[in-house]
Amino acid sequence: NAGVTQTPKFQVLKTGQSMTLQCAQDMNHNSMYWYRQDPGMGLRLIYYSASEGTTDKGEVPNGYNVSRLNKREFSLRLESAAPSQTSVYFCASSVDRVGTDTQYFGPGTRLTVL
Amino acid sequence: DAKTTQPPSMDCAEGRAANLPCNHSTISGNEYVYWYRQIHSQGPQYIIHGLKNNETNEMASLIITEDRKSSTLILPHATLRDTAVYYCIVRGWGLTGGGNKLTFGTGTQLKVEL
Numbered sequence: 001n002a003g004v005t006q007t008p009k010f011q012v013l014k015t016g017q018s019m020t021l022q023c024a025q026d027m028n029h030n031s032m033y034w035y036r037q038d039p040g041m042g043l044r045l046i047y048y049s050a051s052e053g054t055t056d057k058g059e060v061p062n063g064y065n066v067s068r069l070n071k072r073e074f075s076l077r078l079e080s081a082a083p084s085q086t087s088v089y090f091c092a093s094s095v096d097r098v099g100t101d102t103q104y105f106g107p108g109t110r111l112t113v114l
Numbered sequence: 001d002a003k004t005t006q007p008p009s010m011d012c013a014e015g016r017a018a019n020l021p022c023n024h025s026t027i028s029g030n031e032y033v034y035w036y037r038q039i040h041s042q043g044p045q046y047i048i049h050g051l052k053n054n055e056t057n058e059m060a061s062l063i064i065t066e067d068r069k070s071s072t073l074i075l076p077h078a079t080l081r082d083t084a085v086y087y088c089i090v091r092g093w094g095l096t097g098g099g100n101k102l103t104f105g106t107g108t109q110l111k112v113e114l
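Protein chains in written order, with my numbering: chain A, 1 to 114; chain B, 1 to 114.
Don't read these hints as lab results, they were simulated from the structure. A hint or two may mislead.
[What the hints assert, rightly or not] Partial chain A-side listing against chain B, Cβ under 7 Å, derived:
{"hint": "1", "residue": "Gly42"}
{"hint": "2", "residue": "Leu43"}
{"hint": "3", "residue": "Phe90"}
{"hint": "4", "residue": "Gly106"}
{"hint": "5", "residue": "Pro107"}
{"hint": "6", "residue": "Gly108"}
[Said to hold, decoys possible] Below, a sample of chain B positions facing chain A; criterion: calculated Cβ distance under 8 Å:
{"hint": "7", "residue": "Pro7"}
{"hint": "8", "residue": "Ser41"}
{"hint": "9", "residue": "Gln42"}
{"hint": "10", "residue": "Pro44"}
{"hint": "11", "residue": "Leu102"}
{"hint": "12", "residue": "Phe104"}
{"hint": "13", "residue": "Gly105"}
{"hint": "14", "residue": "Thr106"}
{"hint": "15", "residue": "Gly107"}
In this text, a Cβ means the ideal position worked out from N, Cα and C, and glycines have one as well.
Input sequences plus hints: build the corresponding full structure.
Spelled out as structure tokens, the structure:
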């Protein structure tokens with residue numbers, strides 16, 4: 001049981017390049033999330049998915065797209081990377097059950113855009 | 001979701017109890033208090049949550065005041081490995097998926113020293 005996995009762990013891009021961050025969970029969770037964390041800041045929600053086939057915007061969605069490929073996988077795409085997107089990206093998942101909704105986080109992807 | 005206020009930093013001697021306060025004076029009746037921690041830029045880790053009763057698990061205890069306007073996370077015997085940023089989050093239940101998103105502030109940096 002690996003929990004939440006993310007690839008890659010590190011990435012350096014040039015302005016204008018595109019890339020996809022991958023996230024997978026093996027806990028049979030319904031909900032999945034993408035957050036970003038800038039230095040010295042708390043996490044901010046980019047997009048989330050309440051179930052397979054559904055996605056919704058979070059607090060900072062501009063410049064990103066997501067795909068909930070199946071129940072296990074939730075990817076985040078940067079179509080044209082900008083230096084302002086330099087950040088650490090965390091994926092999370094939760095079972096989404098009333099009364100208890102612990103979110104489990106992946107190890108993060110450290111992205112630098114030059 | 002209700003806003004929370006935490007001290008930016010605290011120190012604790014190893015082996016002593018660490019008591020981390022959180023104010024959430026605008027909390028409403030259906031909102032839970034969650035605590036997460038983040039160790040050195042790893043993914044956040046769930047610690048504990050509660051509604052109005054005090055809670056205890058293998059990691060910590062959560063004390064919520066009777067009026068629910070504040071709470072304290074207690075690490076009974078802090079170790080060096082407990083050095084982390086601790087986030088107090090108030091979140092309502094009854095919403096699914098993205099409604100269960102966590103709003104992270106800047107948290108409390110706990111430093112456990114010898």
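Hints, one by one, checked against the model:
1. Gly42: Where the cut-off is 7 Å and the nearest Cβ of chain B is about 3 Å from A:Gly42, the hint holds.
2. Leu43: At about 4 Å, which falls below the 7 Å cut-off, the nearest Cβ of chain B leaves the hint on A:Leu43 intact, so it holds.
3. Phe90: Result: holds, 5 Å to nearest chain B Cβ.
4. Gly106: Holds. Min distance 5 Å.
5. Pro107: 5 Å, holds
6. Gly108: 6 Å, holds
7. Pro7: 15 Å, violated
8. Ser41: 7 Å, holds
9. Gln42: 6 Å, holds
10. Pro44: With Cβ-Cβ at 5 Å, under 8 Å, it holds.
11. Leu102: 6 Å, holds
12. Phe104: Cβ of B:Phe104 sits 3 Å from chain A, so the hint holds.
13. Gly105: Where the cut-off is 8 Å and the nearest Cβ of chain A is about 5 Å from B:Gly105, the hint holds.
14. Thr106: 5 Å, holds
15. Gly107: It holds, given that the least Cβ distance between B:Gly107 and chain A is near 6 Å, below 8 Å.
Hint violations for this structure: number 7 only, all remaining hints satisfied.
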